[in-house]
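Peer 1: Each chain, letter by letter, is given below.
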Amino acid sequence: MNENILEMRSITKRFPGVVALQDVNLQVRRGEIHAVCGENGAGKSTLMKVLSGVHPAGTYEGEIHFESKQVSFSSLNDSEELGIVIIHQELALVPHLSVAENIFLGNEKSRAGIINWHEVNLAAAALLEKVGLRENPVTPVGHLGVGKQQLVEIAKALSKDVKLLILDEPTAALNDDDSAHLLGLIRDLREEGVTCIIISHKLGEIAAVADSTTVIRDGSTVETIDMAEASNNGEDLTRRIIRDMVGRDMENMYPGRDVTLGEEVFRIEDWHVSHPTQRDRKVVDGASLNVRAGEVVGIAGLMGAGRTELAMSVFGKSYGRDISGTVYMHGKPVKIESVSDAINAGIAYVSEDRKRYGLNLIDDIRRNVSASALKRIAPRGWINENEEIAVADRYRTSMNIKAPTVMSVIGKLSGGNQQKVVLSKWLYTEPELLILDEPTRGIDVGAKYEIYSIINKLAASGKAIIVISSELPEVLGMCDRVYTLSSGRITGQVPVEDATQERLMELMTMEKD
Amino acid sequence: MTGTSNIIELLTRNLRQSGIYIAFVLIVLLFTVLTGGTLLSPGNITNLVLQYSYILILAIGMVMIIVAGHIDLSVGSVVALTGGVAAVVVIREGMPWWVGVIAALITGVLVGIWQGFWVAIVGIPAFIVTLAGMLIFRGLAMQVLDNVSLSPFPEEYRQIAGGFSNGLLGGPGYDLFTLVIFALASVGFAVQQWRARMRKLEYKQTVEALWLFAVKVVLVVAVIMAFGWQLANSRGMPYVLVLLAALVLIYGFVTQRTVFGRHIYAMGGNLEAAKLSGVKTRRVNFMLFVNMGVLAAIAGIVYSARSNSAQPAAGNMFELDAIAAAFIGGAAVTGGVGKVQGAIIGGLIMAVMSNGMQIMGIDQSTQNVVRGVVLVLAVAYDVWSKKKASVSS
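Just so you know, the sequences run in chain order P and D. If you count the first sequence from 1, position 55 lands on 55 in my numbering, and the numbers rise without skipping. If you count the second sequence from 1, position 385 lands on 385 in my numbering, and the numbers rise without skipping.
These aren't lab readings, by the way, just hints derived from the structure by calculation. The C-beta atom is built at its ideal place from N, Cα and C for all residues, glycine as well. A hint or two may mislead.
[Unchecked claim] Not the full set, but computed from the structure, chain P residues with beta-carbon under 10 angstroms of chain D: (1) F315; (2) V339; (3) Y357; (4) I389.
Could you put together the complete structure from these sequences and hints?
Peer 2: Shown next as structure tokens:
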């Protein structure tokens, strides 16, 4: 059991101008679950790219030994041939193809180029059974939720006779149920002898599932923790990992603040929204809620509960149809028919998917920051570009956006910095209500703390804030009051003093009578 | 942030944009040598402007459409239709020349409304809508003209494309008026550059070193004046050039400095994000196609005035030249990237190549092959430079 399936020795990888990895060592024992942690930009993904051959041999220094043999991969195919399969954070499935077609994509079961579909579907069904996914193999992947798609990815990996499975942030987009199922599956795979490397920001998860954990900080290995040994010694594993990651003890994951509540800023009453294509399906069903100035209100709900749908339907009817209900700003009813109406009313919505809905990735920081409030730098219709640069530069400093200049292209920034740009963009619209949908998804611990501090500062300055989150500790740590949402209905309203994870989960899973 | 940037920074910062200018200069030099200097002779420069002006006008609208993530295949047919309408009004009905111009412009607006409706309001991909438009407007052009060509236009109408501002101030063998106009343009350019520089300094931004700034301004002014000198030595300044210059200035400003222009880029970069940022995407798309219709009408007027007739087959394949100009000029196939000035340079590259090869007596078939290869190479360069930019991160 103590034999190492993988040894990466003294890996150094340089990009023009930066050293991404410096003398990194990684030893993974056969048949274990090995977690790799580190802040965004610490070099985890680069290390995995070196391992899987995305960065081919010769572009880095150091040695890779796999099953006691030195290997050098010049492409992804080389590493897959030996049984190393990587599943990326952004799933690489083709939505219009069926589950079975996706599983065997690039690896089709064929004779002389002709595919035997019965055989394919049969084989796919067997793999689906193995990963615990009860779906017909001919279902298009696009019809499945993210959690199930993740399972399809794993089935795909299994079809390649995987020995070492690398999962990059596998549960980032999953709700608690799906995450639990996925982690259980990884444990089952371990029993069958599949070694697993899991990259994750969710430290609770790591503590629960990993046999050992390697922490990387600023491109170097900090240490490898033997989890069983450490927990036998009675150590707080999460705290130790956090300390390794950020290089200091993080006293509190959530910065504290003094709460001063003002007048009510925002209220919706009897809000109904139907599904855009299935009219008889109510996505939001009679929701009412309010937020006061200086207050941070949480909306907790499982995936599919209608959280994002609620927010986007309020934000200029950006989702759904047959929307009814009333929006009040400062006690007065307002009519919001379009996104620009919503912005004018003082509402800002920061999407959960910043790459798809929040940013123009091919453009620079400057133009992204000004995108929603061009009027402010173009009072007479033409843009004062100098003012625009100055504005963006102010946010770069105040938000601590790590980029050389405001002309840096967004696509090249890390997730945390991208999120800060999105926040800057919406703050520049001078909103009174900020709806933050999963504001810390895919962001590392250090940047999370920064985002929390920003949220607190905004609340202190009198803004009303709604935080939508699927991480209950985050909801409990950040909010003053929490609404729970289940199947489109608000099932409870709990002041944070009375809230526990168990109590919220109970409300979040409450069924319709 | 205050400071001055050096020359290497200046050149490499925007390889994608500066590459096209370097390519243009090289192509001009190449064909000047190959044609033994004929390319840059006064007569030929005038000819070049006249011959390709309508493609450049179309390219302005096309690059905006492409930046927004669409395409317009119908502009060639719209050139025929609007030219045809003008001819019917002026030649067949005997109305004054300006009634014909207005009729053509209104036709262009109607065409734009039609296409804008399907693309922006109904949501059909522009490729399909304008492919249909290519057939529809060609058909309408034939019907309007009863399938025969109409000519000749009255003198005033022909002046639009063939007129020159000649001899207003007289001059010893060259047109003084043209030189004065170009001198004013040079001064205007220098003043505008200087003011922009002062504004930047006011905002404590990086500017290029003063000597570099001076060299840049002097070089541009030299090119403008050399161009003016050649024109003045030929037939004076063509009215079309004035029209073209005005369009380039207006649309350069609209795309780079106005909220409308910024919205076009935002939509091309990420449509969903643009919608959620409050961009009224339907309105912008609609306006883009109406604008394209108007520019196609202007091109149609210029083309019919130049050929002194309206033909059912006019403007055939113009759409492809305009699209090629936009892509050679650095527009991205996926939208979100591209500039009016780039499209103009792209169009000029096509123009210089065609014209140069014509002077050299190379036949049409070879010309097509060469132009096609250049188009592929230009886009390949764009793809390559994008890859390079993303690797160096």
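Peer 1: Honestly, which of those hints from before does the structure not fit?
Peer 2: none
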